[in-house]
Amino acid sequence: MFEKILVPFDASEFSLRALEVAIDLAKKYEAELYTISIIHTPDFAFLSGEVDDVKAEGEAFFQEKLKAVEDLATAHGITVKNEIRVGHPAETILNFASGKKIDLIVLGHRGTSAIKDFLLGSVAAKVMYYAPCKVLLVR
Numbered sequence: 001m002f003e004k005i006l007v008p009f010d011a012s013e014f015s016l017r018a019l020e021v022a023i024d025l026a027k028k029y030e031a032e033l034y035t036i037s038i039i040h041t042p043d044f045a046f047l048s049g050e051v052d053d054v055k056a057e058g059e060a061f062f063q064e065k066l067k068a069v070e071d072l073a074t075a076h077g078i079t080v081k082n083e084i085r086v087g088h089p090a091e092t093i094l095n096f097a098s099g100k101k102i103d104l105i106v107l108g109h110r111g112t113s114a115i116k117d118f119l120l121g122s123v124a125a126k127v128m129y130y131a132p133c134k135v136l137l138v139r
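Sequential numbering of the sequence shown, starting at 1, is according to this note's numbering.
Treat the hints as calculated values from the structure; they're not laboratory data.
Since this is a predicted model, take the numbers as computed values, not measurements.
Don't take each hint at face value.
[Stated by the list, open to error] Capping the alpha-carbon separation at 25 Å, the derived lysine-lysine pairs in BS3-like fashion look like this:
no., residue 1, residue 2
1, K55, K28
2, K67, K55
3, K67, K126
4, K100, K28
5, K126, K55
6, K134, K100
7, K27, K55
8, K55, K134
9, K134, K4
10, K101, K126
11, K81, K27
12, K28, K67
13, K101, K81
14, K134, K101
15, K55, K65
[Unchecked claim] Okay, the calculated beta carbon distance ranges per label pair:
no., residue 1, residue 2, range
16, E91, M1, 39 to 49 Å
17, K81, A60, 36 to 46 Å
18, E50, D24, 31 to 41 Å
Beta carbons are placed, not taken as given, at the ideal position from N, Cα and C, and that holds for glycine.
Full structure from sequences and hints, please.
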């Protein structure tokens, strides 16, 4: 049913829950498992070095966290392919899913109110609306 599963991973408790669900699904369907961690750079920076600093800090942070992701997946007999990208979270997730022909995105959701999602937009709402594949929200 699913050949390629993607988990956007930001090291939050919500993305960890989504990862656990995705590992179970990957095992059940013998699917490839991908994670994507996104470094969201400021829309504007006062100093040219600020963006480089954010990227470097984000890269170091996610490298450490993704080692634990690999260990968890390996403990369940699953190989995971981790990617770190820079960009807007929803757009980056959608582009990655399209490019890799992902069948299912398993996304942790913080459970914000529908009104807040409507007014401000959330990553989960944008991914659900524009995804080229099925999306499973995990709370």
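Now the hints, each set against the structure:
1. Proposed proximity of K55 and K28 is contradicted: the alpha carbons are some 35 Å apart, above 25 Å.
2. Pair hint K67 plus K55 holds up; C-alpha atoms about 18 Å apart against a cutoff of 25 Å.
3. At roughly 28 Å between alpha-carbon atoms, K67 and K126 are farther apart than 25 Å, so this suggested pair is violated.
4. The suggested pairing of K100 with K28 holds, with an alpha-carbon distance near 20 Å, which does not exceed 25 Å.
5. For a cut-off of 25 Å, the pair hint linking K126 to K55 stands: about 24 Å separates their Cα positions.
6. Note on K134 and K100: the hinted pairing holds, with a Cα-Cα distance of about 14 Å set against a maximum of 25 Å.
7. Restraint check: the Cα-Cα separation between K27 and K55 comes to about 33 Å, which exceeds 25 Å; the hinted pair is violated.
8. Of the supplied pair hints, the one linking K55 and K134 is violated, its CA atoms being roughly 30 Å apart against a limit of 25 Å.
9. At roughly 11 Å between alpha-carbon atoms, K134 and K4 fall within 25 Å of each other, so this suggested pair holds.
10. A C-alpha spacing of about 18 Å is found between K101 and K126, which places the hinted pair at or below 25 Å, so the restraint holds.
11. Using a Cα cut-off of 25 Å, the hinted pair K81 and K27 holds, with the two alpha carbons roughly 14 Å apart.
12. A distance of roughly 23 Å separates the Cα atoms of K28 and K67; the hinted pair therefore holds under the 25 Å criterion.
13. Taken as a hint, the K101 and K81 pair is honoured in the structure, with Cα atoms around 14 Å apart against an allowance of 25 Å.
14. Under the criterion of a C-alpha separation no larger than 25 Å, the hint pairing K134 with K101 is consistent with the structure, at around 11 Å.
15. Restraint check for K55 and K65: the C-alpha separation of about 15 Å stays at or below 25 Å, so the hint holds.
16. In this structure, E91 and M1 break the distance hint of 39 to 49 Å, their C-beta atoms being roughly 27 Å apart.
17. Taking the beta carbon of each, K81 and A60 are about 20 Å apart, not inside 36 to 46 Å as hinted.
18. Checking the proposed 31 to 41 Å range against E50 and D24 shows it holds: the Cβ atoms sit about 40 Å from each other.
When each numbered hint is compared with the structure, violations occur for hints 1, 3, 7, 8, 16 and 17.
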